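Got chain P; can you put chain R on it based on the hints?
Protein chains in written order, with the working numbering: chain P, 1 to 113; chain R, 1 to 115.
It should be emphasised that the hints constitute simulated quantities derived from the structure, not laboratory data. Not one of these hints is a red herring.
With the Cβ distance kept under 10 Å, some of the chain P side facing chain R (calculated, not the full set):
no., residue
1, 1
2, 4
3, 9
4, 36
5, 38
6, 42
7, 43
8, 44
9, 45
10, 90
11, 99
12, 102
13, 105
14, 106
Note that this is a predicted model, so its numbers are computed, not measured. Note that the Cβ used here is the ideal one computed from N, Cα and C, for glycine as well.
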Amino acid sequence: AQSVTQPDIHITVSEGASLELRCNYSYGATPYLFWYVQSPGQGLQLLLKYFSGDTLVQGIKGFEAEFKRSQSSFNLRKPSVHWSDAAEYFCAVGAGNTDKLIFGTGTRLQVFP
Amino acid sequence: GAGVSQSPSNKVTEKGKDVELRCDPISGHTALYWYRQSLGQGLEFLIYFQGNSAPDKSGLPSDRFSAERTGGSVSTLTIQRTQQEDSAVYLCASRSSTGTNSPLHFGNGTRLTVT
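Chain P extracted, bound-state conformation (with noise of 0.2 Å):
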């Protein structure tokens, strides 16, 4: 079975600063993988998904991920945060023969001006 690990709870960063939250997931084949983003009193939000082909994938407000199969990772970046960027993130795993999406504990964002 599919599982995903966000070893960081709770991140600070300074506006304008980079940014790189940690995904680590455990799938025997190639995985569907997921970032989600759920900002404060809001549904959670898709930023971008990897399914195939290039490995780093470009998502919505500036986000990219890179899916590295030697370390098992899937970690998100910006280069430069808002202070809109403070929010709860989570990264999810899927499987090719399975729907069923699961996801990590989450990574809460917040940004210092």
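Below, chain R alone, put in the same frame as chain P:
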């Protein structure tokens, strides 16, 4: 078009009571999911419906939890004899097709508080 709708948005109940949470998926979406979000626990998968197939109930935490989906559309999650540890936000999501490459569309959730 309309997104995934969940009701009620908030529910406060006494320990031992039964509760029903409702989810209206996006029209035409064949797949429907229930997740539970507790502080520090992330999104915990509960149950998944796909068309007329038998639901995947592997995430339901106990036999007090059940869900049904009528007519392939609206779904109801029922929690019997609620306990304080059931307090959480219950999220519903739907997806347009089989295969994990289409994204989930989430509702805003039902916040359940068991007193």
